[in-house]
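Heads up, the sequence shown is in the numbering used here, so the first residue is -15 and it goes up one at a time.
Keep in mind that the hints are not guaranteed to be accurate.
[As the list claims (entries may be wrong)] Think about it this way: if two alpha-carbon atoms lie no more than 25 Å apart in a straight line, the pair counts; the simulated SDA-like pairs of lysine to any residue are:
no.: 1; residue 1: LYS44; residue 2: LYS154
no.: 2; residue 1: LYS137; residue 2: LYS160
no.: 3; residue 1: LYS60; residue 2: ASN78
no.: 4; residue 1: LYS(-3); residue 2: GLY166
no.: 5; residue 1: LYS175; residue 2: TRP190
no.: 6; residue 1: LYS(-13); residue 2: LYS137
no.: 7; residue 1: LYS76; residue 2: SER8
no.: 8; residue 1: LYS0; residue 2: ALA108
no.: 9; residue 1: LYS44; residue 2: THR(-11)
no.: 10; residue 1: LYS137; residue 2: PHE158
no.: 11; residue 1: LYS44; residue 2: THR133
no.: 12; residue 1: LYS44; residue 2: PRO81
no.: 13; residue 1: LYS44; residue 2: VAL82
Everything labelled a hint here was simulated from the structure, so no lab data went into it.
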Amino acid sequence: MTKITFISTRYKKNGKCNADNLCSILEIQKPEVIFLEALEATYSQFERINFSSFGIYHHKLEIEALQKLSAHFSFKYVPVLDNEITNLFDKKYNSIPVNNELDAMLLEFSKLECLEGFEFLNSARGMALHSKMRDFENSLLQDEEFLKTYDVKLEEYENSMIQNIYSFCKFNSFEKGVYMCGSAHRESLIKKFELFECKEKLGIKWEVFGD
């Protein structure tokens, strides 16, 4: 049976959320395959040569962790994004009015992330705070038409990643894998794993890192 462990991450360093700590988590997992919320172009051939020849680390936290992990054992790196939705994210957050209560929540999340690292990002507390912030952001935005479009695009974005994982698994045999994705997607993705397994029936056992 194939087991894939889901780990919530972030793209940039913040205190204990850093490449060394993520590398340590992955060392314990010892995955044969690592799926990442990234485009094929995110880790270019030029950047691979820069690392292998000159030891220059990638700017993206997760890929820096993978580069460090490669010194300990070999694994298959599989980016699972088809398209980015950065413009949609930017449009949403640029449209949200300045609000002291929201700023306080964002600061609290950042502090906990900094002090507790991936333990917080992979906790029920972290997921609950993300949900609270998202609901509050939506209430401030007050644009139902845009939010409907945003939700549809976000659903497509997340579904395509899981579908790409299943497509890889259909043609590649392995026992242990890891799937890393930004913590904002944690709650939604956890709900999707069982639904996809019921549909695809590949015998993948999904495990969620943390609580």
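Okay, the hints, checked on the actual structure:
1. LYS44 to LYS154: Roughly 29 Å between the alpha carbons, so the hint for LYS44 and LYS154 is violated.
2. LYS137 to LYS160: violated, 30 Å
3. LYS60 to ASN78: Distance ~37 Å between LYS60 and ASN78 Cα, so the pair is violated.
4. LYS(-3) to GLY166: holds, 13 Å
5. LYS175 to TRP190: holds, 11 Å
6. LYS(-13) to LYS137: violated, 28 Å
7. LYS76 to SER8: violated, 35 Å
8. LYS0 to ALA108: Satisfied, since the Cα-Cα distance of roughly 18 Å is no more than 25 Å.
9. LYS44 to THR(-11): holds, 21 Å
10. LYS137 to PHE158: violated, 31 Å
11. LYS44 to THR133: violated, 28 Å
12. LYS44 to PRO81: Not OK: LYS44 and PRO81 at ~29 Å, beyond 25 Å, violated.
13. LYS44 to VAL82: violated, 28 Å
Hint check: violations occur at hints 1, 2, 3, 6, 7, 10, 11, 12 and 13; the rest are consistent with the structure.
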